[in-house]
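Q: Top line first, the protein sequences correspond to chains X and R. Under the working numbering, think of the first position of the first sequence as 1, with each following residue one higher. Under the working numbering, think of the first position of the second sequence as 626, with each following residue one higher.
Some clues are possibly wrong.
Here are the simulated lysine to aspartate or glutamate pairs, EDC-like style, with alpha carbons at most 16 Å apart [to be verified]: (1) R:1051 <-> R:1068; (2) X:545 <-> R:1144; (3) R:1228 <-> R:1165; (4) R:1182 <-> R:1137; (5) X:429 <-> X:412; (6) R:1170 <-> X:519.
Quick caveat, the hints were computed from the structure, so don't treat them as lab data.
So you can see what is in the structure, the chains are spelled out below.
2 protein chains.
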Amino acid sequence: MHTLTPLSWQHVQLTSGFWYERQLINARVTIPTVYRRCGETGRLAAWRLDWKPGMPNEPHVFWDSDVAKWLEAAAYSLITHPNAEIEQRVEDLIALIARAQQPDGYLNTHFTVVRPQLRWTNLRDGHELYCAGHLMEAAVAHYQATGREHFLQVACRYADYIAKVFGTGEKQRRGYCGHEEIELALVKLSRATGTRRYLELAKYFVEERGRQPHYFDLEAAARGENPHDYWAKTHEYTQSHVPVREQRVPVGHAVRGMYLYCAMADLAAEYDDHELLALCRNLFQHVAERRMYVTGGLGSSRANEGYTSDYDLPNETAYAETCAAIALCLCAHRMLQIEADGVYADVLERALFNGVLSGVALAGDTFFYENPLASRGNHHRWKWHHCSCCPPNIARLLAAFGQFIYSQREDELYVHLYAASRAHFKLDKHAITLSQETNYPWDEHVRLRFHLEAPAEFTLALRIPTWCRAAELKINDETVPLYAALQRGYVCVRRLWESNEVVELRLPMPIERVYAPPEVAANRGRVALQAGPLVYCLEEADNGKNLNDLFLPRNAKLTAQFEKGLLGGVAMISGMAQRRVASDYEGALYRSAPPRYEQVSIKAIPYFAWDNRTPGEMLVWMRGE
Amino acid sequence: MHTLTPLSWQHVQLTSGFWYERQLINARVTIPTVYRRCGETGRLAAWRLDWKPGMPNEPHVFWDSDVAKWLEAAAYSLITHPNAEIEQRVEDLIALIARAQQPDGYLNTHFTVVRPQLRWTNLRDGHELYCAGHLMEAAVAHYQATGREHFLQVACRYADYIAKVFGTGEKQRRGYCGHEEIELALVKLSRATGTRRYLELAKYFVEERGRQPHYFDLEAAARGENPHDYWAKTHEYTQSHVPVREQRVPVGHAVRGMYLYCAMADLAAEYDDHELLALCRNLFQHVAERRMYVTGGLGSSRANEGYTSDYDLPNETAYAETCAAIALCLCAHRMLQIEADGVYADVLERALFNGVLSGVALAGDTFFYENPLASRGNHHRWKWHHCSCCPPNIARLLAAFGQFIYSQREDELYVHLYAASRAHFKLDKHAITLSQETNYPWDEHVRLRFHLEAPAEFTLALRIPTWCRAAELKINDETVPLYAALQRGYVCVRRLWESNEVVELRLPMPIERVYAPPEVAANRGRVALQAGPLVYCLEEADNGKNLNDLFLPRNAKLTAQFEKGLLGGVAMISGMAQRRVASDYEGALYRSAPPRYEQVSIKAIPYFAWDNRTPGEMLVWMRGE
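Can you make the complete structure from the sequences, with help from the hints?
A: Here's what the structure looks like:
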C-alpha cells in the first residue's frame, strides 16, 4: 500500500504553546509521579521476583504493563526532555527486568512468583500476552531513544519464546490474548528489528482470534470450569465472538477493540491486505459515526468498559476510559497513514484535545479513569487506581506527541496537526527543517517555514479541519485558493520551494453549537459548544449548581476570550442564557404553573480543563436549541 | 382524636362506571386468576404441609402472604360479587390453613416444612410476622364478610402465640419484623375482636423497632453471621435504622415504610398520640412533596425497592412497585380519617387512578410489578412473578374499593371520591341511603341524592380536588357558593336535608400541563398531561417510535375526546406538537446544523391503560414547555 510514514517523535520537537506545555508537565510531573506510584504500590519491586505468599503487594496480572508503559514514556522523554535521573531509573529498571527473564525467555512477574503453575492457562483473563506486548513496545522505544540494544534483546528473546509456544503447529497452543496489545507490539518489534517472524506471529494472533472450537472455552474446560460460567458472559467482550474477518460491528471492551483494530491496520499495510483494511475502515467508521462521544470518548457502559448499541451515549454514566480515547488516537493515526484522509485526523484531534487530555489534571499528578460528559459533582481525579492503565498510557502518548503532527510519502509532506514545532527530515533526498509557529488552538494563525539547503520541489499537504469552514492560505503573502482544491480534507500545494518561504494558514474558530442526531436519546433537546478542536463544558465553579436548569436559546450570543490567569490559560466562552427560577415551593410536587426563566450569564471552559478548581457539577450537553 | 370513620366496603356498593367496571373485572377475572396461579405454583398445596426436600415448589418465605391476600380479596368479593364457587374455595382453603396451625398456634408453611429449626431466627429477612399479619387481615375480612368466626379464631390463636413470644418480658424475644405489616394487621384484629392485647402488641412492634442493641444484628450474630455482612447494607432498608419516633425522613423499601406509617397512624388514633401523628404527617408529607411520582408511584431505585434522595425521580428506571402505590393509598386513607384534609384524598386519588391501576391489565389477568414512567418498549405485564405480592394486593384493594369513597363523623358525611355508588349507613341515628350518580372521570358531573326516612340535619362535606379550579355546586338547582367556603379541600354544607333533594357538583377537567420542580432532574424541560385525576402518557401505538423526538410547545392546543371503542372506553387527548426530523445522516455524528422540526399530531391515553395494545414505547413526561 502507498502509505504515509509519520515523522518520528525523535525528529519532531515541540517548541512552544499548547502541546509543548502539556509535554513539559508530562516530563516534569507525570512521568516522575507514575514512577513513584509504581514504586509505592509494589509494581517496581515485583520485578525482583522475591514476593512470597502472605507478603503485601501481591503482583497483579496487569502490573507489568503499567511499568512497561512507564518505561516507554520515559524512553520517549529521554529525547525530548533529557533527564539523567530518569535515565538512571530506566536503566536500573531494565536491568531488573532483564534479570527477571526466565531461562526460556518467559517474562512475567505474576505468573512467575504468584501462580507459576498457571502459566498460559488463562489467556482470556490473565493479561499475559498483553503485558508481553507492552514490554515489547517499551523495548522498541528504548532502543530508538538510546540506540542501546539490551532491552530490545530481552523483548526479542521473549517474543521468540512466545513464537515457539503459540501457533498452528502440532505442539503449539492455538491461543491468543483476551486483551489485545501484543499484536500491534509485534508489528512494532518486527519493524524495529526487521524480523519477519514477529510480523507473522502478529498475523497469527489476529487471524486465530474467535475461531471455533473457541480457545477460551477449551482452556476454561481444561481449568475445570464450565465455559458458560464466563463472568463477561460473551466473547464479544474480547472481540473473539467470531473470527476477526467476520467482525462487522465494534463490540465489547473499547480499549481491547481499538488495539485489535490498530493491529489490523498495521497488518493490512504490511501485507497489502485490502480485505483487512476494508474491515478496519468499516469498524472505525462505525465507531466514529455511531458510538463515539463528542469528546472522542469511547465506551457507554461500565459493565463491559465498552460498547452497548448504536447511539447509546449516556452522558453522566459515560465510561469513556482515558485509555479508550488514547487507543482511538493510535488507531486513527494508523488509518490516517494508510488512507491519507482527514476524517481520521479529525477524530485524532477530537480525542487528543478532549477525551484524552481530560484524563490528566493540569498539574499532571492526578488522573481520570472514566471521563463522563456530565457530573453531579461527585466525579474527581484520583492519585492512583488499582487498575492504573491510564496514567502511564497518557504519559507515553504525550511524551511521543510529536509523532502525530507530520507524515511523509515520497515527495509529499503532510501536516495533520497544528502545534508549534520544529521537524528535521529527509524528503525525496532533500534534508529539510520545518518550523511551525502557532498558538493553536488559542489563535487561528499558523505559520510554516522550510529551511532547505537548495530549492526543492515537493507537495505540502495541509489538513483543513472539518470544523473550519473559512480557512485561508497564503504563501509569501499570496492567497492560494483552498476549498476548491481540498482533497480528503487536505489542501495540497506542489511547487518548487525555496528556503524561508512563508506559508500562512488561517483557521478561524468561531464558537459552534454542536447537535447530536435524534438517535442519541441522551442529547435530545441539548446542545454542546465547540470552538476549533475544543469541546466546552459548564462547570459549577462558574455557573453555580443545577446546570441542567440552564437553557441556551438559539439566538443567544456567545463570545470567546482567552484568559491568561484561568486554568493555566484557556479561552472561556461567555454569553447569556436562561435559568429556570428555583421557585418558592408551597408543598405540591407537581403543578400546572409553567416554570419561569430568568436571564443569566453563563461561562464555559474547555472540557479537558474541568475538575481543576473547586469540585462541583459539570455539563457538556446543555439544554438548548 | 376526633377521627372520621370510613363507610365500610360492606355498606358501599359500586353501581356503574369506572370503578364498578374495574371491580367487576377484578371479581370475574383477577381473583380467579390469582387463585389459579397460586395453585399452579404450589402456594395452595403448601398448606398441606406435605412438602419434602427434593420435591418441586419448595414453599417460599412469602408465599403465605400471597394466599392470605387472595383470601382477603375473595372475602370482600363475597359481598360485592357473590360467587358460590369462590366461596367454596375460600372455605376449603381456610380449613386447610386451620389444619396447618401448629399446637402452639404457629402458622407458617415455610418455617414448618422447609426450615422448622429456624423459626423466629431471622426476623429481618424471613417475612414470618409479615405473613402472620396478612393472615390476620384475611381473617378479619372473612369474619366481616360472612360473620363466621372460625378463621378469625385461627388468627387470634396465632396472635396470642405471637404475643407470648414477642415483647419486653424476661423470656420474650425483643424482635419485630423486617417487613412491616403485622402492626397494622394487629390493629385491625384488635378492632374486629375488641381485644386490646393485640393493639398493645402492635404498639410494642412499632416502638421496639430500631432500638439499640439492634435486634437484627443480635439475631444475625446468633446465626453465626457478621451483622456487617447484611446484604441490604443498612437498616434503613427496613426502617429500623433508628427508633420510629426518631425517624424524620422516609427511607428504604417503600412498601415496608408505608405499612409502618399506616400502623403509626392507626396507633396515633387509638392512643390519641399526637407526637406519633405529627411524625406520620411529616413522613407522609415528605413523600408526597419530594419523593412521589406524578402517578402516585413510590420507589426510585430497584436496588432497595425504595427511596433514594429527595427529587430523585428517574422515569425509565422508576421502580414504583404496584404494592407501593397501594400502600400509599392505605396510608393516605388512614391519615385522611384522622386529619379530614383533602391533601390526603388528593394523593389517594392520584395513586388509585394511575400508579395502582396501571398494575393490572384492562383484561385483569396480567400484571406490572414495576410501573415506570417511560419505556423503550421492553416493559410489559407478566402472568406471574416469583415475588407475586402485587396481583393479590391489587385484587384486595379493588374488591374493597367502596371503603375509600365515604366517611362519617357524628353528624357529618364526607365524600372523598366520586364514583357511581349506593351507600347505606346511619348518621347521628338517621338511617340514610345515599346514591351517587356520575361517569367520573370521563364526565364532570356528579349527582348525589339522600333517601331519608325523615328530614335530618347534618353536614355534607364534598371534596373539591386540588386540580379542579372551577367547581360548581348546586342543591336543588340553586347555586351554592363554593370556593370561599372551602376548608382543607372540602366544601361543607350543613342543612336540614329532605329525602330526594338533589346535590349537583360539576368538576370541570380541562387538560392541564403538569410541571415538576427544577429539583427533579429527570423532568427538566418536560411536561406531563393530566385531565381530572388521570395522568396521561404517549404510546408508540398512537405516535410511532422515538417518543422523545416529540416536543410540545406552550401554545399547542389540546383536546380530549371520549373514545368508546378504545381500551375499553377512555378519553384520548389529541393535539399538534413538533417532531424532530430524523435527518438523512451523512456520516458525521456531531454537527453544527440545528435539528429541524415538523408539525405532527400526537395522541395521549390515560397512563393506567398503557401496554394493553401492541407493545411499544411509552412516555409520561414529554419534552415540552
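Q: Hint by hint, note whether the structure agrees.
A: Comparing the hints with the structure gives:
Straight-line distance between C-alpha atoms of residue 1051 (chain R) and residue 1068 (chain R) comes to about 30 Å, which puts the hinted pair past the 16 Å bound. For the proposed pair residue 545 (chain X) and residue 1144 (chain R), the alpha carbon gap of about 11 Å is at most 16 Å, so the pair holds. Taking the CA atoms of residue 1228 (chain R) and residue 1165 (chain R), the gap is near 10 Å; set against the 16 Å cutoff, the hint holds. Only pairs whose Cα atoms come within 16 Å are accepted, and residue 1182 (chain R) paired with residue 1137 (chain R) is accepted, the gap being roughly 11 Å.
Distance hint between residue 429 (chain X) and residue 412 (chain X) is fulfilled; the C-alpha atoms sit about 12 Å from each other, no more than 16 Å. Distance hint between residue 1170 (chain R) and residue 519 (chain X) is fulfilled; the C-alpha atoms sit about 11 Å from each other, no more than 16 Å.
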